[in-house]
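Colleague: Sequence:
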Amino acid sequence: MSWWAAGAGRCERVAWRELARADTSWGTAHAATGHAFGDVVWAWVPFGSRAPGQGKDRPCVVLGTLADRGDLLLVGMTSRDHDADDDHLFLGYGVWDRSGRGSWADVRHLLRIHHSEVRDAEAALDRMQARALRRRLRLRD
Numbered sequence: 548m549s550w551w552a553a554g555a556g557r558c559e560r561v562a563w564r565e566l567a568r569a570d571t572s573w574g575t576a577h578a579a580t581g582h583a584f585g586d587v588v589w590a591w592v593p594f595g596s597r598a599p600g601q602g603k604d605r606p607c608v609v610l611g612t613l614a615d616r617g618d619l620l621l622v623g624m625t626s627r628d629h630d631a632d633d634d635h636l637f638l639g640y641g642v643w644d645r646s647g648r649g650s651w652a653d654v655r656h657l658l659r660i661h662h663s664e665v666r667d668a669e670a671a672l673d674r675m676q677a678r679a680l681r682r683r684l685r686l687r688d
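In my numbering, the protein residues as written are 548 to 688.
These aren't lab readings, by the way, just hints derived from the structure by calculation.
One should not assume that every hint holds.
[To be verified] Pair ranges (Cβ atoms, derived):
{"hint": "1", "residue 1": "S646", "residue 2": "A567", "range": "31 to 37 Å"}
{"hint": "2", "residue 1": "G617", "residue 2": "G574", "range": "18 to 24 Å"}
{"hint": "3", "residue 1": "R685", "residue 2": "R560", "range": "30 to 36 Å"}
{"hint": "4", "residue 1": "E669", "residue 2": "P599", "range": "28 to 34 Å"}
{"hint": "5", "residue 1": "D570", "residue 2": "R683", "range": "16 to 22 Å"}
{"hint": "6", "residue 1": "R564", "residue 2": "G595", "range": "17 to 23 Å"}
{"hint": "7", "residue 1": "M675", "residue 2": "A614", "range": "16 to 22 Å"}
All C-beta atoms in this analysis are idealised placements derived from N, C-alpha and C, irrespective of residue type, glycine included.
All chains should be modelled from the sequences, with the hints used to inform the complete structure.
Modeller: Written out as structure tokens, the structure reads:
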């Protein structure tokens, strides 16, 4: 069993106030982490209180970098339809989903993980997707 399957990524939910401390600029990868806002990475994401210790490897969108620790702040993505759900933002389609399914950003929970614990999906949100997410999170362009 790989360490990804075992959940060694140590991704954890954190308070949204952490985002205020982060570098959320986009366009240039941060020197401390190699990622910028809108990059898509893969991380092991815990299910939370409904299933302690369990989780799933899933694509996530980088929202920012906490340079002092080398941590990334992320939101998870899902291909499950959440059109009627205010806690999810439809992002559209991207190369991170090999099946070509639509993706929703789960904006209920902010996640933190060290940059060395993610796998690069070699993908990023396009400009329109990134702007929609920034507006939803009330971040300046």
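Colleague: Indicate, hint by hint, whether the structure satisfies it.
Modeller: Hints, verified against the model:
no., hint, verdict
1, S646 - A567: 31 to 37 Å, "holds, 36 Å"
2, G617 - G574: 18 to 24 Å, "holds, 20 Å"
3, R685 - R560: 30 to 36 Å, "violated, 19 Å"
4, E669 - P599: 28 to 34 Å, "holds, 32 Å"
5, D570 - R683: 16 to 22 Å, "holds, 19 Å"
6, R564 - G595: 17 to 23 Å, "holds, 19 Å"
7, M675 - A614: 16 to 22 Å, "violated, 28 Å"
Violated hints, listed in ascending order, are 3, 7; each of the other numbered hints is respected by the structure.
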